[in-house]
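Protein chains: 2
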Amino acid sequence: MPRTIGSHSDITGPRVRAAALKLFAEHGFAAVSMRRIASEVGVQAGALYNYTPDKQTLLFELMQTHMEELLAALPQQSDASVMDRLEGFVRFHIAFHHERPDAVFIAYMELRNLDPANFSRIEALRRRYETALEDILGAGSDQGIFDVADTKITTLAVIAMLTGVTTWFRPGGRLSLRAVQDQYWDMVRRMVVRAPDGSV
Amino acid sequence: MPRTIGSHSDITGPRVRAAALKLFAEHGFAAVSMRRIASEVGVQAGALYNYTPDKQTLLFELMQTHMEELLAALPQQSDASVMDRLEGFVRFHIAFHHERPDAVFIAYMELRNLDPANFSRIEALRRRYETALEDILGAGSDQGIFDVADTKITTLAVIAMLTGVTTWFRPGGRLSLRAVQDQYWDMVRRMVVRAPDGSV
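Residue numbers (our numbering), protein chains in the order written: chain A, 1 to 200; chain B, 201 to 400.
Because the hints were derived from the structure by calculation, they are not lab data.
Keep in mind that a hint or two might mislead.
Unchecked claim - Within a straight-line C-alpha distance of at most 30 Å, the following computed DSS-like cross-link-like pairs (lysine-lysine) qualify: (1) 22/A / 255/B; (2) 55/A / 222/B; (3) 255/B / 222/B; (4) 55/A / 22/A; (5) 152/A / 255/B.
Since this is a predicted model, take the numbers as computed values, not measurements.
Next comes chain A alone, as it looks inside the complex (with noise of 0.2 Å):
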C-alpha cells in the first residue's frame, strides 16, 4: 500500500522535533530523556528510534535546521544600496529570532553538548550568517558610506545586540515589534555610517 500524506511518520517526525525544542528549552538538554520525549509525545521510548539514532542528533537537527531555516530566509538584497541592505538585515534578524525564542535559546546554550564534529557543521552555518552582514559591512566601507574599524567585530556586535530583543520584547507590551525595529535600525545605523563632515 502506498503511503498517504499524513501517514504515521509523516506527522510523527514533526511532533517528535517539536517535542525536543520545547523539553531542551525548559530543562536543558542533559536533563531530558528520549524516554521523556516520547512520553510528551505519547508514543513508546522505542518508537523514537524510528525518527532518531539518538539524542545528541536530535540536538543537532534541530540546531542545523534553525540556522538553515535562517540562512534560507535572508533576504537576497544584492541589487540594492548598501544602507537598505543594511537594514533589511537589521529588521530581518529581529523579526525571524522574534518567532522563534525556544531554538534561539537552544542554539546559544546546548552549543557546549555538541560532539565536535557536529559543533563544527554549526559553527560553519553560523560563520555563513555572519559573513552576510560582514560582507554588507565591508561594501559599505569600500564606498566610503560606513566607517567601520573591523567589520569581524562590528558583526558580533551587532548580532549580539539584536539578538537580545529575545531576551526581553513581548507583544502586547509598550512597544510594538516595528517601533523595535525601528530603533535598532537607528542604533546600527549610526554605529556604522560615516558622520558627513568625517567627524565619528
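Please arrange chain B on chain A, whose structure you already have, making use of the hints.
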C-alpha cells in the same frame, strides 16, 4: 575551642559554590544532583546540607552573588562628565564579565529555574544595574550631549552587545581585551552621541 581561620566550614562553603557554578555551567542546573556537587567537592552528600538547604538556594545564591559583586564593582563616577561615565561603564562591563564566563552563562540560562520569589529578587538586582546605565544616558540626553530616543531600549541594546563579548573573546587571540574595549566604546559612543551639526 575557638574556630580558627581556615577551619573546615570556612573553606568548604566557597568550594561548594565553585563546584556548583562549574557543574551548572557545564551540564545545566536540572541535570546536576546535590550528590554530584558533593562528589566534586569531595564530601558526603549529606555534608552539603551544612552549607545550603537545597539546590534552588545554591542557584539563587550564585546568581545573587554575581549581581551583588557586579553592582559593588561598578565604578562610582558621579562627578565625571557623562562621556567619561559612559566610557567607564562600557570598559567595566566588558572586563568584569570577561573574567566570569560561567557566572554570565548561568545568569542568562538558568533564570528559568529560579522559583518566582528568587526570580523577582534577581530581576530587581538586574534592574538596578540597568538603571545605572540608563541614568548616564538620561543625564547625557538632558545635557544635549547624547541623542537617545528611548533610554530603556538603548540600555538593553548596549548591555546585550557588551555581554556578547564573553561568547567569542579569548585571550591570546587577534585582539587584546583593551583593543576590544576600545572598539566597543567607539561603537557605543557613535550610537548615542548627538552629531555636531544636528544630523544623526
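Does the structure keep residue 22/A and residue 255/B at a Cα separation of 30 Å or less? holds (23 Å)
Exercise. Quick one, are residue 255/B and residue 222/B close enough, alpha carbons at most 30 Å?
Worked result: holds (14 Å)
- prompt: When you check the alpha-carbon spacing of residue 55/A and residue 22/A, does it fall within 30 Å?
  reply: Holds, at about 14 Å.
Is it true that the CA of residue 152/A sits at most 30 Å from the CA of residue 255/B? Distance ~40 Å between residue 152/A and residue 255/B Cα, so the pair is violated.
query = Does residue 55/A pair with residue 222/B here, judged by a C-alpha cut-off of 30 Å?
reply = Roughly 23 Å between the alpha carbons, so the hint for residue 55/A and residue 222/B holds.
Comparing the model with each numbered hint stated earlier shows that hint 5 is the single one that does not hold.
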